[in-house]
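Participant: So the chains spell out like this:
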Amino acid sequence: MRATRSLSGTTVSSIFTLLLVLCITLAFGSSATAKSASSTGDSVLVILDSAKKVDYSIFLQGLEAKGYTVTVRSPRDESPLLIEDGLPNFSHVVFLASDTKNFAKDISPQTLVELLTLGTNLVLTLGLKQNLLTSLAPEFSLLLPPPATPLVSFFPERSDSPSVIPIAFDTKSVPNDTFSVLSQVENKIWFSGTPFALSANPLLFPILHAPAESFAADLSDSPGLVADALADAAEKGGEGFWAGSTLSVVAGFQTLIGGGTGHGNDAGPGEDKQSRVVWVGGPSLFSDEFATKKVVEKVETERGKSVVEKPSGNEQAAMDIAGWAFQEHGVLRIDEVKHHKVNQTDAPETYTTNDEIVYTVKISSFNPTTGKWERYSDLKDLQLEFTMLDPHVRTALPAVRGQKGVYSTTFRAPDRHGVFKFVINYKRKGFSHLLHTLIVPVVPPRHDGYPRFLSAAWPYYIGAISTSVGFLLFSAIYLAGEVKEEKKSKKE
Amino acid sequence: MAIHTQVWRAVYGKSADAIEKSVENVDESIRAIICIPRLFPFTFGHVDGLPLSNNVSPTTVANTASLLRIVAFGLISAAAIASRLFAVINFESIIHEFDPWFNYRATRVLAAKGFYEFWNWFDPTAWYPLGRVVGGTVYPGLMATSGVIYNFLHYFNLPVDIRNICVLLAPGFSALTAWATYMFTTEMKDSSAGLLAAAFIGIVPGYISRSVAGSYDNEAIAIFLLMITFYLWIAALKQGSALYGTLAAVFYFYMVAAWGGYAFITNMIPVHALVLLLMGRFSGRLYVAYCSWYAIGTLSSMQVPFVGFQPVRTSEHMGALGVFGLLQIVAFASLVRSHLSSKQFQDLLTVSVISMGLLGAGAFIVMTYKGWIAPWTGRFYSLWDTGYAKKYIPIIASVSEHQPTAWPSFFMDLQFLIFLFPAGVVLCFRDLRDEHVFVIIYAVVASYFAGVMVRLMLTLTPVVCVSAAVALSTLLDIYVDVAEPAVPENENSSANGTGAATADAKKAKKNAAVGSQAGPNAAAAASSTLSDIVNAAKSSSKSSPSKQKGIWGADARLVIILNAIGMLVYFVFHCTWVTANAYSSPSVVLASSNPDGSQHLIDDYREAYYWLRMNTPQDAVVMSWWDYGYQIAGMADRGTLVDNNTWNNTHIATVGKAMSSPEEIAYPILRQHDVDYVLVIFGGLLGYSGDDINKFLWMVRIAQGVWPDEIQEPNYFTPTGEYRVDERASDAMKNSLMYKMSYYRFAELYGNGNAIDRVRNQNIPKIGPTLDYVEEAFTSENWIVRIFKVRKEDPLGRDLKSANAFAQGKKRKRSKPVSRRRAVV
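Chains A and B, in that order, give the protein sequences. Its first residue numbered 1, the first sequence is counted upward by one per residue in full-length UniProt numbering. Its first residue numbered 1, the second sequence is counted upward by one per residue in full-length UniProt numbering.
Be careful, since some hints might not be right.
[Said to hold, decoys possible] Pairs of lysine-lysine, DSS-like flavour, derived with a Cα cap of 30 Å:
(1) 429(A) to 801(B)
(2) 273(A) to 789(B)
(3) 789(B) to 101(A)
(4) 343(B) to 427(A)
No lab work stands behind these hints, which were simulated from the structure alone.
Using the sequences provided together with the hints, build the complete structure.
Facilitator: Here's what the structure looks like:
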């Protein structure tokens, strides 16, 4: 009896502390944000069996060291809820319970998508068995191999099982305009899990490719007979054989800001929150086991081949993946947009056709080490569009020398009146999207705004003047003539 | 009047012009009529108890008549204004219909910011994103008039709201129209006909339909300007006065600034001048009147920005220019004739007329071909071929005002005037002075146009009123006239006894009446009472053989008079009834009656527009069919894609395409045009037939005109060719955005019962349409206005249909990777 009472007492007190923590978090949300490395918030929920918490201690401690507050929730637990009263409870969610089949009611594919629309970042790890993520993956344009087909590779030769693979990160595989998430990882990364193919969704990009020699196959049914397994896999996969470096094991996804009409809330940067998702083929990438597992490599030396043991890159990779997902890196924003006529400083309500317009934008990037936004001048391919239905002007928006984070251009308004939009639409993989629309009417010149006394109009001026003079002369002569006639008639 | 002129000529051998000039002054001719007792004292001997004393002085009589006319005219004005106030009394002081909402909005800008800002006003919310240069695409006369009144009142510290000025402008101008019609008709016959015409135009439904309180449209002031311009033209023509010609030009300029229908004047006056020329009635008067009108009128009309150089560049204005040129030639020819012998002149004339005609026609053709003169516009062609618009420009045909007029509407709008109208025209033929030619041409042209387009009933109405007034006043002149031609003492008594020529009775009566007028007119001219009596006696004696025949009996006259009065009374009742029931609805507010007979107002439009105003961002863009563009701009103050100023057919067709396409095709169009909300009018619940589903085929047709490959009208009918909205509706119909938005969740309203569309009397399927790309934002009380919000793109980059399917828990088909075994290029 006493024991239960005290137990309930502790529960109550723990709820109170939780509430208190929550209140404090809410109250000092902004200040707390500054402490962590993320640009969007520092509360992390890890969905993980509490029994397995010890398996990921290095990763979780790494997060806490960066200033995150980590909460672990078992997949079957009813609390803490992901979304409460329409608001997300956490800034970031890491989904490590990939082998779990059944989840609490509020953890569903729909909730996870809703979290994204609310601005929560996700790290999702796939398991070998089917679960809710299997049905969620197609929504992100991920193509999964048939269930229970892990990635296997027999290269390089090693003592481990073929499904535990060391993958080297190749910097060259990242295109120039894409943010390189794993650029700081030097060592090979241990991976074990499902690979996936990426279909042509511009929001999705590979972070880590599968090795060229690897393929997805189920070797458990036919131990030893690899050839059979290969044939099997090819048959299961149908037309597409799940193999090679086109498959990815880690992929990033940046959600889209819908909108850009430039009206109401849609004007300017928009209230839409961008969020990021990282899909990882297996949770073990984050595990202590892989973080400490050495990579055995045969290095050719002058004396022939020698075996070298290197530490794995998993710990660094896990922090980098989480770091990108939690919006630490590659986060841009538009601070300020200015536009005005050349030689003026204030923005007019309307422009006149053929005005010379100066457009200036200030862009910042988030620095995770200081936790502050800093002006950012490194965008090389920023463009400005001046749009009415179609872009009438599309011009480069280069960085201004000497002014950090300032991009500016001067262009001439088209000879066409209408409601135009200044549009910045900068979407690069791995960077947060920059979308800014600003409506400005371009009007025809005022009635007194046209040039006067054109040289081309002289025939008309002469015509008008000569007619007027002629009329006056005619009237004068006519009137004079009248008098004469009268005199004549009088004489007669 | 012509008869009396002939009589006059017969007596004096002078030209009629002199007489006409002398009786030009209205007051004089009125006084002349009133002077009858003085000049014909003997006529009163047989009057049945008319207690007019011979002792009353002529000035008193004249003043009394003048006073009576003023009182009568005051009463006419009061009736004209009062009958137009039904709308305010039944509903409230509100702007009506569609176009008035734009005029009202423009007037508010004018009143608030002044004329120059209005002139340079670029409206970025209309025709989004093209915008509208309002100052250059509007006839500013109406707004300027209201603005002047507003500033005038405010100068005298009378803080009248601009809305009330706008609402009451049309009734106020109807009184002025009555006055202008009075002046015009007086020129035709006399002031009693003028008063009748003023009374007719004051209350005739054909004019009230466009000028009730709140109907703040260009026509409200345009009809006044039309009549005053015509009056001044006639006055200028009669007197050969450059002053009146200039005045006509000034009012013509006002008309050009006020209404696109000014082209009617632009062509009526030249046609009149041309006909007079062809009738051989060229005179210096015609030359002076026409040239002063044309030169000043055209130059001033080019000052209106919207008109610009059209008067010298478009075909519609070429007639006026051509007649102007012709008049110069004819004037020159007459000058030459005065210096040449007739034989030489004949030859010269033949050669020059032929060569000049050929030259002119050739030049016209070449200039049209070269594009210096714009070819005729579609609206013009549709005036001649009623099927033209439907075939080539559905946007014009889709306007209900542009439909051919139905027969009953002639009776509805004009009642018994339509029967008197031909009689009046025939009477004009009997006189056939220059101004009567004008009325005849006007009658013919306007009758045709009124038959082609409903809205042109408006231009027919004034001439109907004038003609009917002439006819009726002639009738009354004959039957009411107390100046019974009793046997004068100096007449031979034989006719009195025999009563032989009863067949000529009417004519005799007329002659008597005319004679009685001719006398005083002459009196006014010559101011010689004695000679007048002689003249009257002479004229009487001249027609003496038939003089005594006529309907003298009070009973016979009474039948006719009572009949006429009965018609007039019924006309008043008819006008009142039509005005109260048909033409006083603001159409923004609908009225219906409760079971107990009390009035129930359906205010869905304003409810919805108010919702938009309060719940959407200031710069939101609302897409709707163009009918509602002005109302959304005026009442909801939100941007629109298309509105009632239907200048850009492609933009309207774009909206038509979005409405008639399936959602997934419509969505990119909506996004491209930055549409935030879509508004549809749905009358199915209430039985309101003017809804968008009934207009839908026009949207399809207009869209088909631009995208014939994507939208085809037959697809929206059932295979048997019916226009249905129930289960049997075609797939294109069921999938169209318009259908989906109209019937979205409609069946749910009826629970388990049958969902019936009360406009089309069809059962709506139980499982209604689903919407993926737009979501319902607002539906008004009676479901008349439904507003849908356009959804943003899915954050995951999916199409919204599959995103919705996912959100509802539907599983997506498992997809396989695309084959990588592509041929290496």
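Participant: Hints first: check each against the structure and report whether it holds.
Facilitator: Structure-based check of all given hints:
Of the pairs offered as hints, the one joining residue 429(A) and residue 801(B) holds, with about 25 Å between alpha carbons and a cut-off of 30 Å not exceeded. This hinted pair checks out: residue 273(A) and residue 789(B) have alpha carbons roughly 20 Å apart, not beyond 30 Å. Taking the CA atoms of residue 789(B) and residue 101(A), the gap is near 39 Å; set against the 30 Å cutoff, the hint is violated. Straight-line distance between C-alpha atoms of residue 343(B) and residue 427(A) comes to about 91 Å, which puts the hinted pair past the 30 Å bound.
Checked against the numbered hints above, the structure breaks hints 3 and 4 and satisfies the rest.
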